[in-house]
Amino acid sequence: MSESEEYRNPIPTVDIIIETAEGIILIERKNPPLGWAIPGGFVDYGESLEQAAMREAREETGLDVTLLEQFHTYSDPDRDPRQHTITTVYIAMAHGVPEAGDDAKNLALFRKESLPSPIAFDHDKILAHYFKFRAGKGRIEIFP
-9 MSESEEYRNP IPTVDIIIET AEGIILIERK NPPLGWAIPG GFVDYGESLE
41 QAAMREAREE TGLDVTLLEQ FHTYSDPDRD PRQHTITTVY IAMAHGVPEA
91 GDDAKNLALF RKESLPSPIA FDHDKILAHY FKFRAGKGRI EIFP
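In the working numbering, the protein residues as written are -9 to 134.
To be clear, the hints were calculated from the coordinates, so they are not data collected in a lab. A quick note: this is a predicted structure, and the numbers were derived from the prediction, not measured. For glycine and all other residues, C-beta sits at the position ideal for the given N, C-alpha and C. Wrong hints could be hidden among the right ones.
Below, in silico cross-link-like pairs of lysine to aspartate or glutamate (DMTMM-like), each with a Cα-Cα straight-line distance of 25 Å or less [said to hold, decoys possible]:
| no. | residue 1 | residue 2 |
| --- | --- | --- |
| 1 | Lys95 | Asp34 |
| 2 | Lys127 | Asp34 |
| 3 | Lys20 | Glu59 |
| 4 | Lys20 | Glu49 |
| 5 | Lys95 | Asp114 |
| 6 | Lys102 | Glu37 |
| 7 | Lys20 | Asp70 |
| 8 | Lys102 | Asp66 |
| 9 | Lys127 | Glu49 |
| 10 | Lys115 | Asp66 |
| 11 | Lys102 | Asp112 |
Derived CB-CB ranges, DEER-like [stated by the list, open to error]:
| no. | residue 1 | residue 2 | range |
| --- | --- | --- | --- |
| 12 | Asn(-1) | Lys95 | 27 to 35 Å |
| 13 | Asp54 | Phe32 | 16 to 24 Å |
| 14 | Pro67 | Glu12 | 34 to 42 Å |
Hey, can you work out the whole structure from these sequences and the hints?
Here's what the structure looks like:
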């Protein structure tokens, strides 16, 4: 192990499942890795996870969100092809008309039956866990 690798740490990120009356908001990424994704991004230095979630939601959807709960943290080292990230996923609600912003090429509302393809990162797994949770089946075991 080289000296620079010895002190490398995963990068913290947040993702926000934004619930609306019409479904959840996903963004189509305009930068690689391409595909549809849960709005989110990197946590800035000096920022809490909750502040980052609200900022990222606003930057990518134009909406101010109310965080309802912290859903789960996902840490598979291969979840992001660019680098090792750890994401904390929040469930939030928002009202208003979302607009694609920041690194979002497009934005749309989806229900479980109408999810787009391809879905970036490990967001297909996160969404499967979320829909199972919302169906009243409780939290699922995700540990190997």
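Do the hints match the structure? See the list:
no., hint, in the structure
1, Lys95 to Asp34, "holds (22 Å)"
2, Lys127 to Asp34, "violated (34 Å)"
3, Lys20 to Glu59, "violated (28 Å)"
4, Lys20 to Glu49, "holds (14 Å)"
5, Lys95 to Asp114, "holds (19 Å)"
6, Lys102 to Glu37, "violated (32 Å)"
7, Lys20 to Asp70, "holds (16 Å)"
8, Lys102 to Asp66, "holds (24 Å)"
9, Lys127 to Glu49, "violated (32 Å)"
10, Lys115 to Asp66, "holds (12 Å)"
11, Lys102 to Asp112, "holds (16 Å)"
12, Asn(-1) to Lys95: 27 to 35 Å, "holds (30 Å)"
13, Asp54 to Phe32: 16 to 24 Å, "holds (20 Å)"
14, Pro67 to Glu12: 34 to 42 Å, "holds (35 Å)"
This entry does not satisfy hints 2, 3, 6 and 9, going by the numbered hints stated previously.
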